[in-house]
Amino acid sequence: MNGRTYEEVATGEELPPLPIPLTRTLIVATAIASRDYQDVHHDPGLAVERGSTDIFMNILTTNGLVDRYVTEWAGPAAVVTAIRIRLGVPNYPGDTMTLTGTVTAKHDEDRRVEIAVRGENGLGAHVTGTVAVRLPAKDAT
Amino acid sequence: MTSYEDFAGREILPLWEGPDPVNVPMIRHWAEAMGDRNPIYRDDAAARATGRPGIVAPASMMQAWTMRGYAATVEGPDAGARAGAAAGARELDGLLEKDGYTSVVATDSEFEFHRELVAGDRVSVREVVESISPEKSTALGTGRFVTTVRTYTDQDGEVVAVQRWRLLRFRPKEARAPRPRPAVNRDNAFWFEAAREHRLVIQRCAGCGTLRHPPGPCCPHCGSFDWDAAEASGRGQVYSFVVNHHPRHPAFEYPLIVAVVELDEGTRLVTNLVGVEPGEVEIGMPVVLDWLDADPDLSLPVFRPQSGIAA
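Chains as they are written, first to last, in our numbering: chain A, 1 to 141; chain B, 1 to 311.
Keep in mind the hints are simulated off the structure, nothing from the lab. Please read these numbers as outputs of a predicted model, since none were measured by experiment. Built from N, CA and C at the ideal position, the CB exists for glycine as well. There could be a bad hint or two in this list.
Which stretches of chain B does chain A cover? Using the computed rule of at least three CB atoms under 8 Å from a CB of chain A, they are [as the list claims (entries may be wrong)]: (1) 58-65; (2) 112-123; (3) 217-226.
Here are some of the chain A residues that sit facing chain B, going by a computed Cβ distance under 7 Å [what the hints assert, rightly or not]: (4) Thr5; (5) Glu8; (6) Val9; (7) Pro17; (8) Pro21; (9) Arg24; (10) Tyr37; (11) Ile59; (12) Arg68; (13) Val80; (14) Ala82.
Model the full assembly from the supplied sequences, consistent with the hints where possible.
So this is what it looks like as structure tokens:
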């Protein structure tokens, strides 16, 4: 896994897009791995009764996927210091969410980089937000 | 009586320790489900190579350590270890339930992480309400945004993360109850049948020509039982109105403006005003006909302010 140092990241740099197929199994497996047993994340009948069109991904998983997306790019030495997200349209089974990201700010005092992230599915923006990571200095690697 | 405004600053979850310590198997299950192959979540040596003491938990997993899991479903949200501890949450849930906000969806999560978690850490969480929004119409339904701050601490009481957390508690659109049925009989059926075709009609005495509403069998002016119906122009003015806040019926949107509209033809009818805020309604305000299609079997005349008239 390639890591990035603080020095080699530039504001405006774009992260490679990451498409995530939203299978029913992924939505259920991630809900359970995050200990979220709310019926709308695994029971289609109850999800419909509660006003949804199907089961949908839970927000803890959206956090997890955004975290994964940024740290896969930043490398194992990166330390996540903030994840701020807003949800839009739901992630329903059968769709694909594609994550994209752009470096929006660098903070020299603590080698912190901010990345604006966006996850689009067939219905529109599922997630928009910001992830902040602290990266290693050049001589530390 | 407690209102939504009273909840700002109130604790709805006193400090509560997650059921499991931070542990490698749960981290592995999380990383596997998320498709996260970062070695610092499964390989001690790889984690140490990055300057860490050993395997760490993904930052985004913070909240998972304090989830009650299946127990919350089986025992209810406030049972078990939390029994008696979540009075604020129960009070808030009661208020939300009373207003029919039966559904919930998370909309925002803003995490600031103070340190990474390692195996053996015990994570506790405490939750305080920051604000509750006025009622909003959203794509999902009508509801309120409940914003809280969740503070995560470790076994030494040190803060490990702070999360601003926002839920939409709402009435699902599909769950709206059907509008109560009007009492249709042989005397007034013609009026409701015309309404279904989006025609507002007025009963007219065939003897003396007097218009009357509500429909009835006999002319109150001349006593004739013969009648026909005239088409209304659809223009009128607000003769009187009330704003219904309570009690609520799940079929209606509130606040509900119930008005007596005097038609240009002279008859008056009880109806609803739409497209206008309660505070903007005035006696004598010119209004025009619109149609409310409540469901496939029921259309009713409603009125909105005449366009071009300053509200």
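Now the hints, each set against the structure:
no.	hint	in the structure
1	58-65	holds (count 6)
2	112-123	holds (count 3)
3	217-226	violated (count 0)
4	Thr5	12 Å, violated
5	Glu8	17 Å, violated
6	Val9	17 Å, violated
7	Pro17	15 Å, violated
8	Pro21	10 Å, violated
9	Arg24	13 Å, violated
10	Tyr37	5 Å, holds
11	Ile59	4 Å, holds
12	Arg68	4 Å, holds
13	Val80	4 Å, holds
14	Ala82	5 Å, holds
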